[in-house]
Amino acid sequence: MSTTKLAKEPEGTEPTAAPALLELRDLRVFYGAIEALKGVNLSVREGEVVALLGANGAGKSTTLRTASGMLSPRSGEVLLRGERIDGIKPHNLVRFGIGHVPEGRRVFARMTVRENLEMGAYRFKSPDQDEMDRIFGLFPRLAERSSQLGGTLSGGEQQMLAIGRALMGKPELLLLDEPSMGLAPLVVQQIFEILREINQQGTTVLLVEQNAAQALQLADRGYVLETGTVAMHEEASALLADPRVRAAYLGEIAE
Amino acid sequence: MSLSEFWDFLVLGVVLGSLYAVIAIGYTLVYGVLQLLNFAHSEVFMFGGYGGLIALTAWSPVTSPSGFQSVAYVAVGMCAGAALGGIAAYGLEKVAYRPLRRRHAPRLVFLITAIGASFFLYNLAGKLFGRNAAPMPTMYENKKLFSVFGADINITQLLILISAVVMMIGLDYVVNRTKLGSGIRAVAQDPEVASLMGVDIDKVVSRTFVIGGLLGGAAGFLFGTNQQVFYTMGFLPGITAFAAAVLGGIGNVRGAMVGGMLLGIVENLTVGFWGDGWRYVGAFAVLVLVLMFRPTGILGERVGRTA
Ligand SMILES: Nc1ncnc2c1ncn2[C@@H]1O[C@H](COP(=O)(O)OP(=O)(O)O)[C@@H](O)[C@H]1O
Ligand SMILES: [Mg+2]
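First to last, the sequence lines map onto chains A and B. The UniProt record's numbering puts the first sequence at residues 1 to 255. The UniProt record's numbering puts the second sequence at residues 1 to 307.
Do not take every clue at face value.
Distance windows between CB atoms, simulated [as the list claims (entries may be wrong)]:
#1 A:Asp128 to B:Gly91: 54 to 60 Å
#2 A:Asp133 to B:Leu180: 46 to 52 Å
#3 B:Gly91 to A:Asn92: 56 to 62 Å
#4 B:Glu141 to A:Asp128: 19 to 25 Å
#5 A:Asp133 to B:Thr178: 37 to 43 Å
#6 B:Leu124 to A:Asn92: 56 to 62 Å
#7 A:Asn92 to B:Asn123: 55 to 61 Å
#8 A:Asn92 to B:Pro99: 29 to 35 Å
#9 A:Asp128 to B:Asn123: 35 to 41 Å
#10 A:Asn92 to B:Asp152: 56 to 62 Å
#11 B:Gly91 to A:Lys38: 43 to 49 Å
#12 B:Gly91 to A:Gly182: 42 to 48 Å
#13 B:Leu180 to A:Leu149: 40 to 46 Å
#14 B:Thr178 to A:Ala143: 34 to 40 Å
Rough simulated footprint, nothing fancy, chain B against chain A, three-plus residues with beta-carbon under 8 Å [said to hold, decoys possible]:
#15 80 to 91
#16 117 to 128
#17 206 to 214
Hint data in this document are derived by calculation from the structure and do not stem from the laboratory. For every residue, glycine included, the Cβ atom is placed at its ideal position computed from N, Cα and C.
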C-alpha cells in the first residue's frame with residue numbers, strides 16, 4: 001500500500017527515513033451508510049504547511065475530524081510519528097500534540113476570551129502564562145478584549161480566539177478547518193500572516209480551505225479532495241499553476 | 001393578613017425557597033451538561049433525607065445534647081444526607097443514563113428513563129425504609145433565636161438558610177472558579193469542542209451528577225429536619241425545584257437560585273393571603289406567567305447551546 005503511495009509523491013520530495021508527523025493511510029469514514037472518505041492517503045511532515053482543498057462536501061472536515069479523533073475510521077489508519085492513533089478518544093488525543101481549530105470556530109460563547117484560552121490549556125495542570133502572553137502578542141485584538149465574552153466578538157476575532165485556544169494546548173500539529181470562512185479579505189490576510197508566523201515558530205499545519213489562492217500561497221504542498229478521494233497531490237506552487245485548479249478553485253479570483 | 005403575619009410567611013418563604021434553590025441547582029447542572037430533565041433528582045433529595053435519618057438513628061442522640069453535641073449531630077446528619085444523595089446520583093447516572101448515551105438514545109427515552117428511575121427509587125425506598133413518615137432524631141432544642149419585624153426565627157430555619165447560602169456560594173465558586181467548573185461549563189456549551197480541549201465528557205458528567213447529588217442530599221436532610229422524612233417526600237419539592245430551575249432559566253446556575261427563592265416566597269405568601277389550599281396555585285401561576293413573557297426564564301438568554 002505505502003509503496004504505491006510513495007510512487008505518487010511529487011518529484012523533488014525525497015521520501016525520508018523518519019515517519020511523517022501525520023499520516024493517513026487508506027482512510028474510509030462513514031456517516032451511517034454514507035461513505036464520506038473512500039480511501040484517503042495523506043501525509044504531513046514536520047514543519048510543513050499542507051493545504052487540503054476541495055469543494056463543499058468533498059470530505060475535508062471529515063478528514064480533519066478523523067485525524068483529531070472526533071470520528072473513527074471504518075478502515076485505514078491514522079499515524080502520528082508512525083504510531084497508530086485512530087480509535088483514541090479526542091480528549092486523550094490532545095496529549096499527543098494535535099490541536100484542532102474546528103469549522104465555524106466554535107468558541108465558547110459564554111466564556112470570556114481569557115477563559116476560552118484557558119480551556120485550550122485544559123490538558124495541563126494550569127495554563128502557561130508565557131504561552132498566553134505569546135498568543136496575546138500574536139493577536140493583540142484578543143489582549144484588548146480579554147475579559148469580553150467569546151460570543152460578543154466579531155467573526156475574525158472569534159477565528160483568532162479559536163486559533164489561540166488551540167495553541168494554548170501547545171500542539172505540534174495544528175489542524176485548521178476553513179479559517180477564512182465568512183471573513184473580510186483584510187482579516188483573512190491578517191490571519192494567514194499569523195498562520196505563517198505560527199508555522200515559522202515551529203508548529204506544523206494542516207490547513208483545510210476553500211480559499212485556494214491564499215492557502216496555496218502559504219502551503220508547501222497541497223491535496224485536492226473530490227467526493228472522498230484525493231484527486232490531486234502536488235507542490236503548492238504546481239497546484240497554483242495547474243489549469244484545473246485555477247479553473248475549479250481560483251475562478252473567482254480577479255487579477 | 002396582618003403585617004407581622006406577612007413577615008412570618010416571608011420568613012417561611014425564604015427558608016423554603018433556599019431549599020428549592022439548592023435542589024434546583026441539581027436539575028439545572030445536569031440539564032446544562034446533558035440537556036436531560038433528570039426527574040429522578042427528587043429521589044436523590046429523598047435519599048438525602050434518609051441518609052441523615054439513618055446516620056442519626058444509628059448514633060442515637062442523647063435527649064438533651066450540649067451545644068457541642070448538637071453541632072456534631074447536625075454535621076453528621078448533613079454529611080450523611082449529602083453522601084447518600086451523592087451516591088444515589090452517581091449510581092443513577094452510571095446505571096440509568098450512561099448506557100443510553102452510549103447508544104445515542106433519543107431524548108424521549110431519557111425522559112421516560114428519568115421518570116421510571118424516579119418511580120423505581122421512591123418505591124424502593126418505601127420498601128426498604130417503610131412507608132411511614134419518620135421525624136429526624138432531635139439534634140437540638142429548636143428554640144426561637146430572634147425575630148425580624150416580629151417574625152420569629154428558630155434554629156432550624158437559620159440552619160437551613162445558612163447552609164443553603166453556604167452551599168450556593170460554594171457551588172458558584174466551583175462552577176465559575178475551578179477547573180472542574182470550566183469543564184462543566186465547556187461541556188454545557190459545546191461538548192465536542194470541550195473534548196477536543198482534553199475534557200473527558202464522561203468524567204465531567206459523572207461529577208456533575210455527584211455535585212447535584214451532594215447538594216440535593218444535604219437539602220433532603222434539612223427538609224427532613226424541618227418536617228419529616230418519608231419515601232415520597234421528594235415529589236413536591238422536586239417538582240417545585242424543577243419548575244424553579246425552568247423559571248430561572250434552565251442551565252443557568254444563578255437562575256436556579258433566583259427561581260427557587262422566588263417560588264418559595266410566592267408559595268408561602270399565597271398561603272398567607274389566601275390559605276393553605278392555594279399553596280401551589282400562586283407559585284405555579286407565577287411560573288406560567290413569567291414563562292409566557294420570558295420563555296427562556298428569568299436569567300435565560302443562556303439557555304441551551306449556542307454554537
Ligand atoms: N454529520 C454528518 N452526517 C451525515 N453526513 C455527513 C455529516 N457530516 C458530513 N456528512 C457528509 O459527508 C460528506 C463530507 O462532508 P465534509 O467532510 O463536511 O465535507 P467538507 O468539509 O469538504 O465540506 C458530505 O457529503 C456530507 O454531506
Ligand atoms: Mg467542511
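Status of the hints after comparison with the structure:
1. A:Asp128 to B:Gly91: 54 to 60 Å: At 38 Å between Cβs, range violated.
2. A:Asp133 to B:Leu180: 46 to 52 Å: Hint violated: Cβ distance 26 Å, outside 46 to 52 Å.
3. B:Gly91 to A:Asn92: 56 to 62 Å: Given a distance of about 26 Å, which is not inside 56 to 62 Å, the answer is violated.
4. B:Glu141 to A:Asp128: 19 to 25 Å: 56 Å, violated
5. A:Asp133 to B:Thr178: 37 to 43 Å: 23 Å, violated
6. B:Leu124 to A:Asn92: 56 to 62 Å: 37 Å, violated
7. A:Asn92 to B:Asn123: 55 to 61 Å: 40 Å, violated
8. A:Asn92 to B:Pro99: 29 to 35 Å: Taking Cβ atoms as reference, A:Asn92 and B:Pro99 lie about 22 Å apart, which means the hint is violated.
9. A:Asp128 to B:Asn123: 35 to 41 Å: 53 Å, violated
10. A:Asn92 to B:Asp152: 56 to 62 Å: 58 Å, holds
11. B:Gly91 to A:Lys38: 43 to 49 Å: With Cβ atoms ~44 Å apart, the hint holds.
12. B:Gly91 to A:Gly182: 42 to 48 Å: 46 Å, holds
13. B:Leu180 to A:Leu149: 40 to 46 Å: Cβ of B:Leu180 to Cβ of A:Leu149: about 21 Å, so the range 40 to 46 Å is violated.
14. B:Thr178 to A:Ala143: 34 to 40 Å: Hint violated: Cβ distance 25 Å, outside 34 to 40 Å.
15. 80 to 91: holds (count 3)
16. 117 to 128: Held - the region 117 to 128 of chain A has 5 residues with a Cβ nearer than 8 Å to chain B, which meets the minimum of three.
17. 206 to 214: violated (count 0)
Hints 1, 2, 3, 4, 5, 6, 7, 8, 9, 13, 14 and 17, counting from the list given before, are not met by this structure.
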